[in-house]
Amino acid sequence: MGIPEDIHQFEQGLNELIIKYEQYFLGIEKREPLRLRETVDRLARKHSAVKIVNTMLNFKYTSLVSRYASYRQYWDRILRLMEEGRYSRDRFRMAIHERSAPKARQHEPPPPGNEAEDLYHQFVEARRSCNLPAETISRDQVAAAIERQKPVIKAKYGTDQVEFRVVVENGVPKIKARPRR
1378 MGIPEDIHQF
1388 EQGLNELIIK
1398 YEQYFLGIEK
1408 REPLRLRETV
1418 DRLARKHSAV
1428 KIVNTMLNFK
1438 YTSLVSRYAS
1448 YRQYWDRILR
1458 LMEEGRYSRD
1468 RFRMAIHERS
1478 APKARQHEPP
1488 PPGNEAEDLY
1498 HQFVEARRSC
1508 NLPAETISRD
1518 QVAAAIERQK
1528 PVIKAKYGTD
1538 QVEFRVVVEN
1548 GVPKIKARPR
1558 R
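Residues 1378 to 1558 (the numbering used here) are what the sequence shown spells out, left to right.
By construction, these hints were calculated from the structure, which means they are not laboratory data.
All values reported here derive from a predicted model rather than from experimental measurement.
Backbone N, C-alpha and C define an ideal beta-carbon position, used for all residues, glycine too.
There's no promise every hint is true.
[Stated by the list, open to error] List time: in silico EDC-like cross-link candidates among lysine to aspartate or glutamate, alpha-carbon distance up to 20 Å: (1) K1531 <-> E1492; (2) K1428 <-> E1382; (3) K1527 <-> D1495; (4) K1423 <-> E1399; (5) K1551 <-> E1512; (6) K1551 <-> E1524.
[Said to hold, decoys possible] Label-pair restraints from in silico Cβ distances: (7) T1432 <-> R1463: 37 to 47 Å; (8) T1439 <-> S1515: 41 to 51 Å; (9) R1463 <-> N1547: 19 to 29 Å.
Required output: the full structure, derived from the provided sequences and hints.
See the structure below:
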């Protein structure tokens, strides 16, 4: 593809990314459009080291790159506010859930000893939030991984009390084990 086609594809991808992020911030989309953002980022960097001779194409490319940079700062700021719980649209939704959540918890206490099931659900949600396929993971795989780790932790720390949690490291969810205190 030539430079005009790349710039046109960059512009279309940027417009689609703007729409997807707005849908994500409104709660219509459940996951952040990370793959599309990576694609647009790649298109933005593609001709950064190349001298574009055509003035019109050069102007369009630089204006698209600066527009993308502005939106990137905006999206990062909104995402940071969402993580901190200070995003106004998010706070409204959280307040509604907090009002209805205590009623649901009173009626349905979690069954004891269901640690593997809870970890499975947390792990699947973490994979989905990282835009990774979650269909390949089964409850049996998670339960087997937990059972494999318990003797290792017992031998290492000398305790049967083991706590498991799901963490995301470098964009990949993992199940971590540690002794309970």
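Evaluated hints:
no. : hint                        : result
1   : K1531 <-> E1492             : 17 Å, holds
2   : K1428 <-> E1382             : 16 Å, holds
3   : K1527 <-> D1495             : 17 Å, holds
4   : K1423 <-> E1399             : 25 Å, violated
5   : K1551 <-> E1512             : 16 Å, holds
6   : K1551 <-> E1524             : 15 Å, holds
7   : T1432 <-> R1463: 37 to 47 Å : 44 Å, holds
8   : T1439 <-> S1515: 41 to 51 Å : 50 Å, holds
9   : R1463 <-> N1547: 19 to 29 Å : 26 Å, holds
The structure fails hint 4 only (numbered hints given earlier).
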